[in-house]
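Listed below, chain by chain, are the residues.
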Amino acid sequence: MGRYITKRLLISIPLVLLISFVTFAFIHLSPLDPAEVVLHSQGVPKITEELIEQTKAELGMDQPFLTRYLRWAVSCLQLDFGKSYVNGKPVWSLLGPAFINTFKLTMVSAVSIVVLSIVLGVVCALKAGKMVDKSIRGASFFLTSMPSYWLAALMIWYFAVKLDWLPTSGMDSYKSYLLPVTVITINYAGIYFRIIRSSMLSNMNEDYVLYGRACGLPEKKITMHILRNSLQVAVSVFCMAIPIILGSTVVVENIFAWPGLGTLSVKSILSRDFPIIQAYVLVLAVAFILFNTISDIINAAMNPKVRNDL
Amino acid sequence: MNRLKYVLKDKVAALSLSIIAVTTVAGVFAPFIAPHDPEEVNMELQFAASSWEYLLGNDHLGRCMLSRLIYGIRPSMLWVFAALVLSVTIGSIVGFLAGYFRGKTDAFLMRVCDVMLSFPGYVMTLAVIGILGVGFENILLAFVLMKWAWFARIIRTSVMQYAESEYVKFSKAIGASHLKIMISHIIPVALPDIAVIASSSFGSMILQISGFSFLGLGIQAPQAEWGMMLNEAREVMFSRPELMLAPGLTIVIIVSAINYLADTLQVALDPQLMTSKNKQLGFETTSIAKLEGKGVA
Amino acid sequence: MNLLEVNHLKIWDSHTDRVIIPNSSFHVKQGSCLAIVGESGSGKSVTCRAIMRLNKVGIRQSGDILFKGENLSELSEKEMRKRRGKHLCMILQHGMRAFDPSCVVGVHLKETLAEHFGWSQGEIIARMKSAMENVMLKNPIEVMNKYPHQLSGGMLQRVMIALALVLEPDIIIADEPTTALDTISQFEVVEQFLQLREQMGCSMIFVSHDLGIVKLIADEVLVMKDGKIVENGTTRAIFTDPQHEYTRYLISTKQVLNQHYKKILGGVSFAER
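Chains as they are written, first to last, in the working numbering: chain A, 676 to 985; chain B, 531 to 827; chain C, 16 to 288.
Misleading hints may appear alongside valid ones.
[Stated by the list, open to error] Label-pair ranges, simulated between beta-carbon atoms:
(1) Ser810/A to Ile783/B: 49 to 57 Å
(2) Val552/B to Arg75/C: 42 to 50 Å
(3) Glu711/A to Gly665/B: 17 to 25 Å
(4) Val645/B to Ser705/A: 34 to 42 Å
[Claimed, not checked] Keeping only pairs whose Cα atoms sit at most 35 Å apart, straight-line, the calculated DSBU-like set for lysine-lysine is:
(5) Lys699/B to Lys541/B
(6) Lys895/A to Lys230/C
(7) Lys802/A to Lys539/B
(8) Lys230/C to Lys896/A
(9) Lys101/C to Lys125/C
(10) Lys802/A to Lys161/C
Everything labelled a hint here was simulated from the structure, so no lab data went into it. Beta carbons: idealized from backbone N, C-alpha and C, even for Gly.
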């Protein structure tokens, strides 16, 4: 197991390096000159060539590309992503807290998605083809076809405005979590519970179930075996879900004014604050790889076959 | 053809198909169908309820909601479809090359895909918009850039499986050219797979792209687009919540129709899944496709 | 005396109304081995599962299955479950797939034996150990602590036989137990089946499309084609004087292979004796 983890981690290192390079190079694809953006956002009244050159030198833009990349990469390792073009604050002082807020939202949502999907998936698989199964699947079908922001707006309107039970936005108490978590859960649980359901159903057709029954094992024990095998799929899927949710809370965060990465990134895009965008992309890509690695490791721990394969 | 009949035998699928067809036609011929100019401001009719002249009422600038919805079909559905087709085409070409020639070509192309796929979809889209600036074309571009890798991955697997089949080996043995084998033996069998994959991510793409417009990163006012309409409605959400209904329901209906059709298509095109016994199992692949679709935005 | 009597067994798919077995009747005598032969898809496995009442949900069956004078078709699911394993034991084709891939093999063995006999952990291990040694599995404890994918198909097949040895059923239903194995493992497994019959004297239904093995192991043969029983008789009669055209066809196609197989099998058995 130790060997597997080491190998898996080693594989992800070149990927991280490559991604950091792509992220860095990205910004240079922009049609806008960063120096110009900085001057614009600082409200400099008249932008002269001279001023641009000066700013470029300040930003270290006059140096060769690779030197700049290396310098940037090293400082990124120390969580120094430079300063915001707009307000001059260090990027990490803005990004760090936002990341934690988004992470909190993601984790709470992930747990809620896991619980709901397992319950629904198991119920539907055990009652496959019956009314319960059909109605749950039908309902989830419509819920996944709904734009999350629309659902969110409807919920704000009903629960926060009409009934006045919950806060409309912000992140003040546990109550602030209820609406965003519900919206994210509805958006994703519909997909995940179907994965659990079909994984249960395909496991039910496996020979080991037949053999277990042929040996006279009680249904309860057989169901436990089916669950054990289906949940393996579930675990790896959920681990993958965490980075996906982490990256896709953008819409929900903006609607509920959640002080997280999604809100920050949209704000930065609208104000063209490149260092923040760059850091945002890098941090999330690394988080994405990290979580995928963790999910692979968990998967290997649960499924001895995978472990031997690598 | 039999399979298409199979799809149409399902009444809900037939209904879905007709909804999509009608919407598409309405979108293409919007200027002839829409009762009013979608950008015509008429402050006297601000927030007017539905009337015979304005069937769905008017928005905060007194513009005709119905006309805006009809014009909104173009960016929200037709352009998204175009972006989908483009990325599927790129993905298919790459997937074909990788799956058919294997070896170094495959290894290289798949590493490129790995890198593309290691960015979470939304993040990548935001990055592209961040660099190129706010705008609908940039969102579409971001989607094409993002999605192709994912399509390539799946199509490669499908092509690989066919490239190893006996009749392809036979054709190779009798000296048929690569191009000929691809055109006559692999494309016809891989096409259904591609159709299933593409159709099952169409729905989530519509949702996501309208989501970006909703955030104000896509289409800019005064153009009509469903996400944009919802964004405008949000500002008056507390006083006029009914403005959210029409565009929201439109999206729900269209996306449901597309998703339902995609599911039916999957079942119909995969002969193994034709028997009722296995019908439920067929959803696994589509739902995973959707999951990935969400992930890779 | 007939241990198992199947009368007018009809099996159909309730979704498509396709009849899989129209009307089947046969019996298994106490202590004898009945082989069911036929091409794949001829309804052999479905028949076996129908006896255990373990066909998939959509597949229905009617008819009488008399086991020791008791009609299995009329038993409650609970009663039926008590019979499975302890009285009617099944051995499947794919050893690899027959055990839960996420548990070590021993888990299934313990669960089964604890269910039927209520033995303690120690007793189960002791009994399994001797049974596994009996079927030529070396290091039984180690085998029990391995995952299915770490063992070979032949070994898993023998684990199933060992479990049957401990369960001491009245009848063993082996559904193509050798088909998925390579020739050497096939030979070893067949040897174990022969020994199993010798030691326990239990009845057996042996499904196979390998006539070489059938000739070796079976007392009686049932030939199936498209769900129907086309011929039924003693092994000797079937092989020397096949009545039905299909049987003749089966025998002639297998002839060449058989001879080769018998040479290997006969040779080694001879050396051992």
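Outcome of the hint check:
Here the CB-CB span from serine 810/A to isoleucine 783/B is close to 20 Å, at odds with the stated 49 to 57 Å. For valine 552/B paired with arginine 75/C, a C-beta distance near 44 Å keeps the hint of 42 to 50 Å intact. Against the hinted window of 17 to 25 Å, the Cβ-Cβ separation of glutamate 711/A and glycine 665/B comes to about 19 Å, which satisfies the hint. Evaluation of the 34 to 42 Å hint for valine 645/B and serine 705/A yields a failure: the beta carbon distance comes to about 20 Å.
A hinted pair counts as satisfied when its Cα atoms are at most 35 Å apart, and lysine 699/B with lysine 541/B does not qualify at roughly 41 Å. Proximity of lysine 895/A to lysine 230/C is assessed by CA-CA distance (about 41 Å); at most 35 Å being required, the pair is judged violated. Proximity of lysine 802/A to lysine 539/B is assessed by CA-CA distance (about 26 Å); at most 35 Å being required, the pair is judged to hold. Between lysine 230/C and lysine 896/A the alpha-carbon distance is near 39 Å, which puts this suggested pair outside the 35 Å criterion.
A threshold of 35 Å between alpha carbons decides the hint, and for lysine 101/C with lysine 125/C the separation of about 14 Å falls inside it, so the pair holds. At roughly 33 Å between alpha-carbon atoms, lysine 802/A and lysine 161/C fall within 35 Å of each other, so this suggested pair holds.
Consistency note: the structure conflicts with the earlier hints numbered 1, 4, 5, 6, 8.
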